[in-house]
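Protein chains: 2
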Amino acid sequence: MRRSERIVRLTKTLLEQPHRLLSLTEMAEKLESAKSSLSEDLAIIRDVLLKEGSGSLETQAGAAGGVKYVPGMPKQQSADFLMEMSRLLTDPDRILPGGYLYISDVLGRPDVLDRAGKIFADLFSASAVQYVLTVETKGIPLAISTARYLHVPTVVVRRDHRVTEGSAVSINYVSGSKRIQTMSLSRRSLPEQSRVLIVDDFMKAGGTAKAMIDMMKEFRADVVGVGVFMATSEPAEKMLKDYVSLLTLAEVDEVSKEIRVVPSNITK
Amino acid sequence: MRRSERIVRLTKTLLEQPHRLLSLTEMAEKLESAKSSLSEDLAIIRDVLLKEGSGSLETQAGAAGGVKYVPGMPKQQSADFLMEMSRLLTDPDRILPGGYLYISDVLGRPDVLDRAGKIFADLFSASAVQYVLTVETKGIPLAISTARYLHVPTVVVRRDHRVTEGSAVSINYVSGSKRIQTMSLSRRSLPEQSRVLIVDDFMKAGGTAKAMIDMMKEFRADVVGVGVFMATSEPAEKMLKDYVSLLTLAEVDEVSKEIRVVPSNITK
Numbered sequence: 016m017r018r019s020e021r022i023v024r025l026t027k028t029l030l031e032q033p034h035r036l037l038s039l040t041e042m043a044e045k046l047e048s049a050k051s052s053l054s055e056d057l058a059i060i061r062d063v064l065l066k067e068g069s070g071s072l073e074t075q076a077g078a079a080g081g082v083k084y085v086p087g088m089p090k091q092q093s094a095d096f097l098m099e100m101s102r103l104l105t106d107p108d109r110i111l112p113g114g115y116l117y118i119s120d121v122l123g124r125p126d127v128l129d130r131a132g133k134i135f136a137d138l139f140s141a142s143a144v145q146y147v148l149t150v151e152t153k154g155i156p157l158a159i160s161t162a163r164y165l166h167v168p169t170v171v172v173r174r175d176h177r178v179t180e181g182s183a184v185s186i187n188y189v190s191g192s193k194r195i196q197t198m199s200l201s202r203r204s205l206p207e208q209s210r211v212l213i214v215d216d217f218m219k220a221g222g223t224a225k226a227m228i229d230m231m232k233e234f235r236a237d238v239v240g241v242g243v244f245m246a247t248s249e250p251a252e253k254m255l256k257d258y259v260s261l262l263t264l265a266e267v268d269e270v271s272k273e274i275r276v277v278p279s280n281i282t283k
Numbered sequence: 016m017r018r019s020e021r022i023v024r025l026t027k028t029l030l031e032q033p034h035r036l037l038s039l040t041e042m043a044e045k046l047e048s049a050k051s052s053l054s055e056d057l058a059i060i061r062d063v064l065l066k067e068g069s070g071s072l073e074t075q076a077g078a079a080g081g082v083k084y085v086p087g088m089p090k091q092q093s094a095d096f097l098m099e100m101s102r103l104l105t106d107p108d109r110i111l112p113g114g115y116l117y118i119s120d121v122l123g124r125p126d127v128l129d130r131a132g133k134i135f136a137d138l139f140s141a142s143a144v145q146y147v148l149t150v151e152t153k154g155i156p157l158a159i160s161t162a163r164y165l166h167v168p169t170v171v172v173r174r175d176h177r178v179t180e181g182s183a184v185s186i187n188y189v190s191g192s193k194r195i196q197t198m199s200l201s202r203r204s205l206p207e208q209s210r211v212l213i214v215d216d217f218m219k220a221g222g223t224a225k226a227m228i229d230m231m232k233e234f235r236a237d238v239v240g241v242g243v244f245m246a247t248s249e250p251a252e253k254m255l256k257d258y259v260s261l262l263t264l265a266e267v268d269e270v271s272k273e274i275r276v277v278p279s280n281i282t283k
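Chains as they are written, first to last, in my numbering: chain A, 16 to 283; chain B, 16 to 283.
Incorrect hints may have been included.
One copy or two, it doesn't matter: identical chains are merged, so the pair holds either way.
Straight-line alpha carbon distances no greater than 30 Å define the calculated DSS-like cross-link-like pairs of lysine-lysine that follow [stated by the list, open to error]:
| no. | residue 1 | residue 2 |
| --- | --- | --- |
| 1 | Lys50 | Lys272 |
| 2 | Lys90 | Lys45 |
| 3 | Lys272 | Lys253 |
| 4 | Lys232 | Lys27 |
| 5 | Lys90 | Lys50 |
| 6 | Lys272 | Lys219 |
| 7 | Lys83 | Lys50 |
| 8 | Lys256 | Lys232 |
Honestly, the hints are just simulated from the structure, not real lab data.
Next up, chain A with everything else stripped away, as it sits in the complex (with noise of 0.2 Å):
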């Protein structure tokens, strides 16, 4: 096989398949090439990764060894993504009655979620996540996003305690509306003790976030972090500290049709 087309195949294995260990050995027969063709190419891979600043490959040696693509996200770019949202965001039109912001609509654009994915995949690259957790509904296109890159699956918590997918563990918190709600999620979808990311699309007072973490104590889960899209800037008092978001909302006036979204200083 020509160099040039291998430099394809495994530049294409490998950003489909980000965080898995891929092994050696299997990818020298696929592309039926010697292992020290494959360094060389795996050396020009990962060189362009560190100029672009979009991330790594980690190679494990050994016998069990193997290559991993770990997706970044380089830091003008989020930057520019962010400046790029603040800007979108903060259009008269988006403001719904009670002074809600309008942000569905992003949050179903494939190149915001790739972006903000990215984002959360990068932040919390070194943390093990074995999990993606979030709750119905407008998390879960986030969750589904830096899960892909993560490569781990995603866990939605159901606002309905009558789904029936065998025993479950429900538990009852006070929303940013003040109502009184309840959350549930079946035993059998998370295994006990594991390593779980927080995602969802919104945080005001963080009581959905908190709910999520006290339902994790339930499943003695270990929940790494927690990322929002956009947090409020008040109450600046959250029920939980540790959280990252993406944009701030600092003000949305109904009246003077205002919106200020201050975009966040992202950094590992």
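With chain A's structure known, arrange chain B on it following the hints.
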């Protein structure tokens, strides 16, 4: 820039943006290369995709011209994937009370979503899909994954008509459980006369899918197809004729613990 490095970058750029027309001029500038060498590189990438059966590169000539990666799924890989799913889903432990089958965990796995989404994107790649439509909750992950490969937004119909995102269209329908249910979609989430692909996880009589099709009439949309992960063999007469299901659930017997899942013969 060395050719091998250029090929890595090109492959990466294309794979990360399926179904997006990328300008050759911009790429040539970014890679500091002549368009002619770029064309040679693209020919190599196209060749690999063709050989693997994993998609194609479509070129558009002219000043506004460019190149687009159209992802595809090799036939054998589709067949293997569906066979693997059939085996996995016939585990007697998956039988839920009422003769339902537990599949949420599978539809939360990134590798499953990736392959199923790619199959749908492949099947409908020539349908000029503008939006993927689904209804909460379990269909969302697959819809997101399909939409990623088609590079179009996902729109989620809500089951809760209290959702306030401006004026909405609500319709009542009878679901598989024979209950009368409501689904609603805000006007602003989907422009009129869009070309829509409906994606869902499961279909029994087709009541939910039929309701989405009816709702699309209210948006004067063109439903170009319906794709579900799994459909039951009974009732054989569904409420809609035109749909693609990846798997057929032929039997779930709560007493004998027998499950039969038949992979579909996917052809364009």
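Hint-by-hint comparison with the structure:
Proximity of Lys50 to Lys272 under the C-alpha cut-off of 30 Å is found in neither arrangement, the shortest distances being 62 Å within a copy and 48 Å between copies. Within a single copy, Lys90 and Lys45 get their C-alpha atoms only as close as 35 Å, which misses the 30 Å cut-off; across copies the closest is 18 Å, which meets it. With identical chains, the CA atoms of Lys272 and Lys253 are at most 30 Å apart within one copy only, with a shortest distance of 26 Å there and 48 Å across copies. Proximity of Lys232 to Lys27 under the C-alpha cut-off of 30 Å is found in neither arrangement, the shortest distances being 39 Å within a copy and 40 Å between copies.
Only between protomers do Lys90 and Lys50 lie at most 30 Å apart by alpha-carbon distance; the minimum there is 29 Å, versus 33 Å within a single protomer. In this assembly of identical chains, Lys272 and Lys219 lie within 30 Å of each other by CA distance solely inside one copy; the values are 20 Å within and 46 Å between copies. Taking the shortest Cα distances, Lys83 and Lys50 sit within 30 Å of each other inside one copy (16 Å), while across copies they are farther apart (32 Å). With identical chains, the CA atoms of Lys256 and Lys232 are at most 30 Å apart within one copy only, with a shortest distance of 17 Å there and 47 Å across copies.
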